[in-house]
Each structure stands twice: as C-alpha cells, then as structure tokens.
Amino acid sequence: MGSQGSLWISKQCELLTEPVKVNAIDTSGAGDAFIGCFSHFFTETGDVQLAIEKASAFAALSVTGKGTQSSYPTVEAFNEFQKNNI
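For the sequence shown, my numbering gives the first residue as 182, with consecutive numbering after it.
What the hints contain is simulated information worked out from the structure, not anything from laboratory work. None of these values were measured; they are calculated from a predicted model. Even for Gly, the Cβ is constructed at its ideal location relative to N, Cα and C. A hint or two may mislead.
As the list claims (entries may be wrong) - Distance windows between CB atoms, simulated:
#, residue 1, residue 2, range
1, Lys192, Gly248, 36 to 44 angstroms
2, Glu257, Lys192, 35 to 43 angstroms
3, Asp228, Lys202, 30 to 38 angstroms
4, Gly246, His221, 13 to 21 angstroms
5, Lys202, Leu231, 13 to 21 angstroms
6, Asn266, Lys192, 25 to 33 angstroms
7, Leu197, His221, 19 to 27 angstroms
8, Lys192, Val256, 21 to 29 angstroms
9, Gln193, Glu257, 33 to 41 angstroms
10, Thr255, Ile190, 29 to 37 angstroms
Put together the whole structure using the sequences plus the hints.
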C-alpha cells in the first residue's frame, strides 16, 4: 500500500497501520525491505503489530535513498529513525 500504510488481514484480526511520512527519493526495493524486516521481527517476537510497525519504518527509511539494498539503513540509523518517527 506504500504511502497509504500497511494492512494485515488474518482469521484472528485486521490491522491497518498508518504510513511513516518521509520524502521518498526511490521506492525500488521498499517491498523487499518491508518483507525482510517484518520476517525478522515476527520471527523474533511473534508480535504481528510490532513487526508491521518496524517493517513500515524500515521500508520508509529505505526509500529516502537511491537504489535497493544500498539504500537499506544500518541498525544504528534504523534505531535513530525509530526514536524520531514511531
């Protein structure tokens, strides 16, 4: 859904997550960034909502640079971004 946020639908619940607002430069790889981050946090915590929130922030930060993997933030940059945006 990109700039419209994220929607999770399962038998147990529906979650609509608001988008993280950024100045997008290149959206290439944003979906991959989202899925990778979601998979990591869901596997680590089992918490769908937390995983979606983290993935939304990671994907948002990834579109602020050019390229795909080269635009993915470091752990430090991601943690700093979360402090200011979540």
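Verification of the supplied hints:
1. Lys192 / Gly248: 36 to 44 angstroms: 38 angstroms, holds
2. Glu257 / Lys192: 35 to 43 angstroms: 38 angstroms, holds
3. Asp228 / Lys202: 30 to 38 angstroms: The hint (30 to 38 angstroms, Cβ to Cβ) is violated, given that Asp228 and Lys202 are roughly 23 angstroms apart.
4. Gly246 / His221: 13 to 21 angstroms: 20 angstroms, holds
5. Lys202 / Leu231: 13 to 21 angstroms: Given range 13 to 21 angstroms: holds, Cβ gap about 20 angstroms.
6. Asn266 / Lys192: 25 to 33 angstroms: 31 angstroms, holds
7. Leu197 / His221: 19 to 27 angstroms: With Cβ atoms ~22 angstroms apart, the hint holds.
8. Lys192 / Val256: 21 to 29 angstroms: Given about 34 angstroms between the Cβ atoms, the range is violated.
9. Gln193 / Glu257: 33 to 41 angstroms: 34 angstroms Cβ-Cβ, so the 33 to 41 angstroms window holds.
10. Thr255 / Ile190: 29 to 37 angstroms: 32 angstroms, holds
Checked against the numbered hints given earlier, this structure breaks hints 3 and 8; the rest are met.
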